[in-house]
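*Asks:* If you read the protein sequences in the order shown, they are chains A and B.
The first sequence begins at 108 in the numbering used here and counts up one residue at a time.
The second sequence begins at 73 in the numbering used here and counts up one residue at a time.
Simulated from the structure, these hints should not be mistaken for lab results.
Hints are not guaranteed to be accurate.
Said to hold, decoys possible - Derived DSS-like pairs (lysine-lysine); straight-line CA-CA distance at most 27 Å: (1) A:LYS277 / B:LYS186; (2) B:LYS74 / A:LYS556; (3) B:LYS75 / A:LYS530; (4) A:LYS784 / A:LYS863; (5) A:LYS721 / A:LYS882; (6) B:LYS145 / A:LYS479; (7) A:LYS530 / B:LYS132; (8) B:LYS75 / A:LYS556; (9) A:LYS918 / A:LYS556; (10) A:LYS882 / B:LYS124; (11) A:LYS621 / A:LYS556; (12) B:LYS145 / B:LYS182; (13) B:LYS125 / A:LYS882; (14) B:LYS142 / A:LYS521; (15) B:LYS182 / A:LYS589; (16) A:LYS339 / B:LYS74; (17) A:LYS863 / A:LYS773; (18) B:LYS132 / A:LYS773; (19) A:LYS713 / A:LYS702; (20) A:LYS521 / B:LYS75; (21) A:LYS702 / B:LYS132; (22) A:LYS557 / B:LYS74; (23) B:LYS132 / A:LYS851.
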Amino acid sequence: MDTVFKGEHLLPGQIGQFFIVLSFGAALISFISYYFATTEDAGKNDSSWQRLGRIGFYINSISILGMGVCLFYVIYNHYFEYHYAWAYTSRSLPVYYIVSGFWNGQEGGFLLWTFWQAVLGNILIRRAKSWERPVMAVVAFSQVVLATMVLGVEILGTRIGSSPFLLLRKALEAPIFQNPDYLSFIKDGQGMNPSLQNYWMIIHPPTLFLGFASMVVPFAYAVAGLWQKRYKEWVAPAIPYTLFACMILGTGVIMGSFWAYESLNFDGFWAWDPVENASIFPWITMVAALHVLIVFKNTGHSYFTATFLVLISFVLVWYSSFLSRSGILGDTSVHSFTDNGMFWQLVIGVLIFLVLSVVLLVVRWKHLPITKKDEDTYSREFWMFVGSVFLGLSCFHLLVVTSVPVWNAMFGTKIAPPSNIIKHYNVIQSSFAFVVTILTGFTQFLKYKKTDVTRFFITTGLYLLFGALITALVVYGTGVYKLNAVFILVMWGSVYSVVANAKILADAFKGQYKLAGSAVAHIGFGLLLVGALIAAGTTNVISINNTGEGFSPEFAKEQNPRENIIVYRNQPVKMGDFLVTYTGDSISAPNHFFKVDYKQVDANGKVTNEFVLKPKVQVNKGQLASSPDTKHYLFHDMYTHITMSNAISATEGGSESAHDEVDDDKNYDTPVSHEVKPGDTIKYRDGYILVKGLNKEAKVQNIPLSDSDVAIGANLEVVTHGNHYTVVPVYMIKNGNVFDFARKVDDAGLKLRFSKVIPENKKVEIMVYQQPESKKKFIVMKAIQFPYINFFWAGTIIMVIGFFMSILRRKKELKVV
Amino acid sequence: MKKSAIFGLVVIAIAIAVIISVYSNSSTYGSFSDATKTTSELHIVGHLNTAKKLYYDATKDANYFSFYMKDNKGEERKVVFTGTKPEDFERSEQLVLTGTMVGQEFHASKILMKCPSKYTQDKLEITEAKATQAGI
Numbered sequence: 108m109d110t111v112f113k114g115e116h117l118l119p120g121q122i123g124q125f126f127i128v129l130s131f132g133a134a135l136i137s138f139i140s141y142y143f144a145t146t147e148d149a150g151k152n153d154s155s156w157q158r159l160g161r162i163g164f165y166i167n168s169i170s171i172l173g174m175g176v177c178l179f180y181v182i183y184n185h186y187f188e189y190h191y192a193w194a195y196t197s198r199s200l201p202v203y204y205i206v207s208g209f210w211n212g213q214e215g216g217f218l219l220w221t222f223w224q225a226v227l228g229n230i231l232i233r234r235a236k237s238w239e240r241p242v243m244a245v246v247a248f249s250q251v252v253l254a255t256m257v258l259g260v261e262i263l264g265t266r267i268g269s270s271p272f273l274l275l276r277k278a279l280e281a282p283i284f285q286n287p288d289y290l291s292f293i294k295d296g297q298g299m300n301p302s303l304q305n306y307w308m309i310i311h312p313p314t315l316f317l318g319f320a321s322m323v324v325p326f327a328y329a330v331a332g333l334w335q336k337r338y339k340e341w342v343a344p345a346i347p348y349t350l351f352a353c354m355i356l357g358t359g360v361i362m363g364s365f366w367a368y369e370s371l372n373f374d375g376f377w378a379w380d381p382v383e384n385a386s387i388f389p390w391i392t393m394v395a396a397l398h399v400l401i402v403f404k405n406t407g408h409s410y411f412t413a414t415f416l417v418l419i420s421f422v423l424v425w426y427s428s429f430l431s432r433s434g435i436l437g438d439t440s441v442h443s444f445t446d447n448g449m450f451w452q453l454v455i456g457v458l459i460f461l462v463l464s465v466v467l468l469v470v471r472w473k474h475l476p477i478t479k480k481d482e483d484t485y486s487r488e489f490w491m492f493v494g495s496v497f498l499g500l501s502c503f504h505l506l507v508v509t510s511v512p513v514w515n516a517m518f519g520t521k522i523a524p525p526s527n528i529i530k531h532y533n534v535i536q537s538s539f540a541f542v543v544t545i546l547t548g549f550t551q552f553l554k555y556k557k558t559d560v561t562r563f564f565i566t567t568g569l570y571l572l573f574g575a576l577i578t579a580l581v582v583y584g585t586g587v588y589k590l591n592a593v594f595i596l597v598m599w600g601s602v603y604s605v606v607a608n609a610k611i612l613a614d615a616f617k618g619q620y621k622l623a624g625s626a627v628a629h630i631g632f633g634l635l636l637v638g639a640l641i642a643a644g645t646t647n648v649i650s651i652n653n654t655g656e657g658f659s660p661e662f663a664k665e666q667n668p669r670e671n672i673i674v675y676r677n678q679p680v681k682m683g684d685f686l687v688t689y690t691g692d693s694i695s696a697p698n699h700f701f702k703v704d705y706k707q708v709d710a711n712g713k714v715t716n717e718f719v720l721k722p723k724v725q726v727n728k729g730q731l732a733s734s735p736d737t738k739h740y741l742f743h744d745m746y747t748h749i750t751m752s753n754a755i756s757a758t759e760g761g762s763e764s765a766h767d768e769v770d771d772d773k774n775y776d777t778p779v780s781h782e783v784k785p786g787d788t789i790k791y792r793d794g795y796i797l798v799k800g801l802n803k804e805a806k807v808q809n810i811p812l813s814d815s816d817v818a819i820g821a822n823l824e825v826v827t828h829g830n831h832y833t834v835v836p837v838y839m840i841k842n843g844n845v846f847d848f849a850r851k852v853d854d855a856g857l858k859l860r861f862s863k864v865i866p867e868n869k870k871v872e873i874m875v876y877q878q879p880e881s882k883k884k885f886i887v888m889k890a891i892q893f894p895y896i897n898f899f900w901a902g903t904i905i906m907v908i909g910f911f912m913s914i915l916r917r918k919k920e921l922k923v924v
Numbered sequence: 073m074k075k076s077a078i079f080g081l082v083v084i085a086i087a088i089a090v091i092i093s094v095y096s097n098s099s100t101y102g103s104f105s106d107a108t109k110t111t112s113e114l115h116i117v118g119h120l121n122t123a124k125k126l127y128y129d130a131t132k133d134a135n136y137f138s139f140y141m142k143d144n145k146g147e148e149r150k151v152v153f154t155g156t157k158p159e160d161f162e163r164s165e166q167l168v169l170t171g172t173m174v175g176q177e178f179h180a181s182k183i184l185m186k187c188p189s190k191y192t193q194d195k196l197e198i199t200e201a202k203a204t205q206a207g208i
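Pulled out of the complex, with its shape left as it was, chain B reads as follows:
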C-alpha cells in the first residue's frame, strides 16, 4: 500500500471521528417535559411569561435571577439563572435557554435573548448571557 493511500485513510478516519464527536456532543432543542426526562443539557426555546414576576435582588444575592418561561409547547417552568439579570430582559421576544431540570426548576447556564433591536425597529437583535465563564 502506498504511503499516500495510508495517509488518505487516516484523514478520512479523522474526518469521520470529527463528525461523530460533533454529533454526540450536540444537544437538541426540546421542551421542559423533555428536560425532566434527561440529565443532559438541553436547549429550550420559549417566551418569557411577563405576567409573573421576575426576581432579581442584587442586595440579597447578586448571582440569582429567576423568571418563568413558557416553552413552545405551552408548558411553563420556573427558570433559575446563576448570574445577573441581562439588560433588557423584559423586552425579549424569544428566549433560548441551555441547561437542565433540577427538581421543578430549570437551571439555565446560558440565556440567548432575541430583543427588538435598540437601533433599528425593523430589525431583531440578539444578546447572550452566560452563567459560567469562558474558560477552557
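Okay, chain A solo, but in the shape it has when bound:
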C-alpha cells in the first residue's frame, strides 16, 4: 500500500503538471492544424485548420502561463516537497531572488524559452499575414519539442523530459521518505548558489532566453520559404526579426559577462568558458545571416548562404543547449550544469532541426534561386558576403574547440583542449575580428552593384591611415603594444571601423538616413572590441607579491606571477600606487563583508584619493564563496577579490567564541614582561606602547570593591602602524587575593596584563602578549585594474541602439501581404 504522506501540498504540482501536459497537447494540435492549414487549405482565405491552429497556440500560451504561476506558487510558499523548490531556494532568500530561483534549474530555463516562444508566436499570429500558416507550423513544432523537455512523463520505461513539479521524494532516494512525516524534517531548502544571488541574475536569463527564443522566427521564415517555394519573399519580413534576435541575444550575452565581472571571481568579464562560447555561436551566425539576407534582398545574390546561416543558427541554439545541459562539458567547464538524464533527448532535439534543415535544402536544391553570375569586386554585396563568411569561420573555430569533449565522446579519442585556452582563442579569434572590423568599415563606402573605384580607394586609404594614427596613439598610451601583434591589428581594424562608420553616420545626419542604424551598430561593435582589447589585454594585477617565504629560487626562475597578497588587519600594505588597509569586517548574514581601504598618497604625503571596497564572502551551508567588489572610474576599474581569510570560518560563521584564559594564551606568543614607570615606552614588534600613568580609580564591571580592596589601572596607549589605541589593564587586590584583568587590542593583535606592582622602585610590571602573525586576522586578496573597460560596456549599448534603429528602418520598408 502507498504511504500517505503528511503535510504535502500536492495540488499546485498536479495543476502545474496538468498544464505541462496541456501545453504539450495544445502545441501538438496547433502544429498539426497549421500544417494542414498550409497544405490542405492552401490558397483558401477561410481555413478552419488555421482557426484550430490558433486556438491550439492560444491554449499552449495560457497553459505555459499556468505552469509559471504554479511554479511560482510552489517556490514562493516554500513547498519543499517539490524538488525544484528544495534544490534552488530557501526560506531566507529575499523575494526578489525568488524570481531568479524560478530559472535556477534547467527546467526553469526551458520554461522561460517556451514562454518567450509563445509570446513571439502570438505576435506572429497577428502580424505574419500570408506567412502565418507555414511560419506558425514551425513555431508550434518548436513548442512541441520544447514541451517534451519539461514533460517529466514516463513512456515505455524512459522518462521524457524533467518536470519542475517533480516531488522531492521521487527525485531523491533516501530512507527518510519512508517516513510519512518526512516533511517535518525538511525545514529548509538547499538555498541558492551565492554567485546567482546578484541582480544581474534576475534579468540576464530572461534576456538570454528571449534571444534564444527569437531565433526561431527567422528559422521559421526560412523553412516556410523553402516549404512554400516562396524562395525570395521570406527574406524581407524575416530581416526585422533577425535584427531583433541579434540585438536581444547580444544584450543577454553581455549581461552575462557583466554578471561574471561583478559577481564571479574569474578575473574578468570573459573567460572563453564553453558555456559562454555556446551562447555566442548562434549570435555570430545570425549576425552573419543578417548581412547576407540584406545582400540577397538588395541584389538577389547569396541566396543559399543566407538560408543556410539562418537555418544553422537555430540548430546552434539547440546545440548550445545540448552542450550546457547534457553534462558533456564536465571536464572542461566551470559551469555546473550537469546531466539531468536527458542526454539523448537533447541530442534528438538538435538532430530534429538539423535533419529538417538538411532535408529541406536537399529536396529544394534544384529550385533554389542561386545566381550563376559573379558579384562585382567593387560592390558592397561581395564584401558583405566575405565578412559574413569570416564571421562563419570564426564561429566554426569556436565550435571546433568548444566541442572537443563531443569529439572525444563521438570518436573515443582523448584530446584535451589547448592548455592555455584563453590565449588560443584570443589570438585566433582576433585574426577573424581584424578582417571583420576592416570590412565593417570600407564596405559601408561601397555601393550595391557598382562603385566609383578611384574615389573609393582614396577614401578608404585616407580613413585607414587616420585609423592607424589613432591606433598608434591608443596602443602606445595603453600599453597594448606589448602584446601579440595580432591584437594591434584588431585595434587598428576596430578604430578604423569606428572612424569610417562615424563618417557614414555624419552623412546620415545630412539626409542619407538609411545607413544610420548600421553605422551606429558598427561603431558600437568597434568600441566594444577596443574596450575588450584594452581591458583584457592590459589588465593590471596590482596585488603582485613576491615576498613569500616559500618564494623559492625555483619559482623566481619561472617568474610566476604571484597575484595574491596578504594584508593583516590594520596594517597598511603598499600595493602598486596604493596603500591598502584591511580595516574591518561587517557581517549581515549570510554575507561577510571585508572593508578594504585604498589610499593614494602623493609625494608630499597628502592623500589624493581614498576609497573603501567591500568584497564579500558568503557563508552558506558550511561553505565559503566570495564575490569581488569594484570601484568604477570613467577610465578604469579597481577590482578586489578575497581569495582567503582567517577572519571567517565556515563553521563559526566568522564569530569568535570566548575562550578561557589558559586557552586564550595559546593564541599568543610567549609573553614578554616589562618593568616600567609612567612616561616609559615599551617597544614591541609592530610598534610601541606608551605608559601614560596609573589610575587608582579603575573599575571592573560587576565586581564591587570594598574599602580594603585596591584596583589600579595602567593607562596605556598603543601606537602601531599609525593607529592609536587606549587600553587600561587592571591590577586588583580583593580580600587579600591578587587578580589582574588583561585587556586586548584585537585590532593590533595585542593582549596586555598589568601583572605586578613593584613598590621598591615605584615600577609596575606589564606583560605584553603578542599574537603570532598566523593568529592575526588577515585577508589574502587579489586586486586587478581594468583600464578603459567602460568602452566595452558603452560599445555594447551603442551597438544595441544601432540594432534598434535598423529594426525601425527595416520595419518601415516592409509591405507584408
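Fit chain B to the supplied structure of chain A, relying on the hints for placement.
*Replies:* Frame of chain A; chain B shown alone:
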C-alpha cells in the same frame, strides 16, 4: 577561374588552417609519467591523496599551495600550485590539473575540481582555479 571559386578555396584553406592550429594547440590527457617525458603542458586527471598533508600557509606565502595527487594510473606526485588554496579543495572527488613537471614536482597552472555539489547532493559541481591571470 571565377572569383567565387577562388574565394571558396581561400575559405577552405582557412578552415583547414583552423583545424590544424587547434590540433597542434590541443594538449592531451596524460599521466605523471607522461609528464616527465615532455616539457609541454599536459592535462592530468586524478584524485587528491587525502592521507598526506595539504600545505598552505598564507602568512608564509600567500601564493604557494602544495598537495599530493594520484593520477589515474596510481602514480603519486607532489603538486605545487602558485596561488591560494581553492575553496572546498579537500572535498574534491576528482581533479584535472594543467601544467608541467619541474624536477620531481608537478607545477600546476590550473586546477579544475569536481566537488559534490553544495546545493544538491545528487549532482556534481565543478570549480576551477587558475594560477595565471586571464590576460591576452
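*Asks:* Evaluate each hint against the coordinates.
*Replies:* Now the hints, each set against the structure:
1. A:LYS277 / B:LYS186: This hinted pair holds, its Cα atoms lying about 26 Å apart.
2. B:LYS74 / A:LYS556: holds, 17 Å
3. B:LYS75 / A:LYS530: It is violated: about 34 Å lies between the C-alpha atoms, which goes past 27 Å.
4. A:LYS784 / A:LYS863: OK: LYS784 of chain A and LYS863 of chain A at ~12 Å, within 27 Å.
5. A:LYS721 / A:LYS882: The hint holds at about 22 Å.
6. B:LYS145 / A:LYS479: violated, 60 Å
7. A:LYS530 / B:LYS132: Cα-Cα ~32 Å, so violated.
8. B:LYS75 / A:LYS556: holds, 15 Å
9. A:LYS918 / A:LYS556: holds, 24 Å
10. A:LYS882 / B:LYS124: holds, 24 Å
11. A:LYS621 / A:LYS556: Roughly 17 Å between the alpha carbons, so the hint for LYS621 of chain A and LYS556 of chain A holds.
12. B:LYS145 / B:LYS182: holds, 20 Å
13. B:LYS125 / A:LYS882: Holds: LYS125 of chain B and LYS882 of chain A sit about 20 Å apart, inside 27 Å.
14. B:LYS142 / A:LYS521: Holds: LYS142 of chain B and LYS521 of chain A sit about 19 Å apart, inside 27 Å.
15. B:LYS182 / A:LYS589: holds, 24 Å
16. A:LYS339 / B:LYS74: holds, 25 Å
17. A:LYS863 / A:LYS773: holds, 21 Å
18. B:LYS132 / A:LYS773: holds, 20 Å
19. A:LYS713 / A:LYS702: holds, 22 Å
20. A:LYS521 / B:LYS75: Violated. LYS521 of chain A to LYS75 of chain B sits at ~40 Å, over the 27 Å cutoff.
21. A:LYS702 / B:LYS132: This hinted pair holds, its Cα atoms lying about 23 Å apart.
22. A:LYS557 / B:LYS74: holds, 18 Å
23. B:LYS132 / A:LYS851: Between LYS132 of chain B and LYS851 of chain A the Cα gap is close to 25 Å, so the pair holds against 27 Å.
Going through the hint list in order, the structure does not satisfy hints 3, 6, 7, 20.
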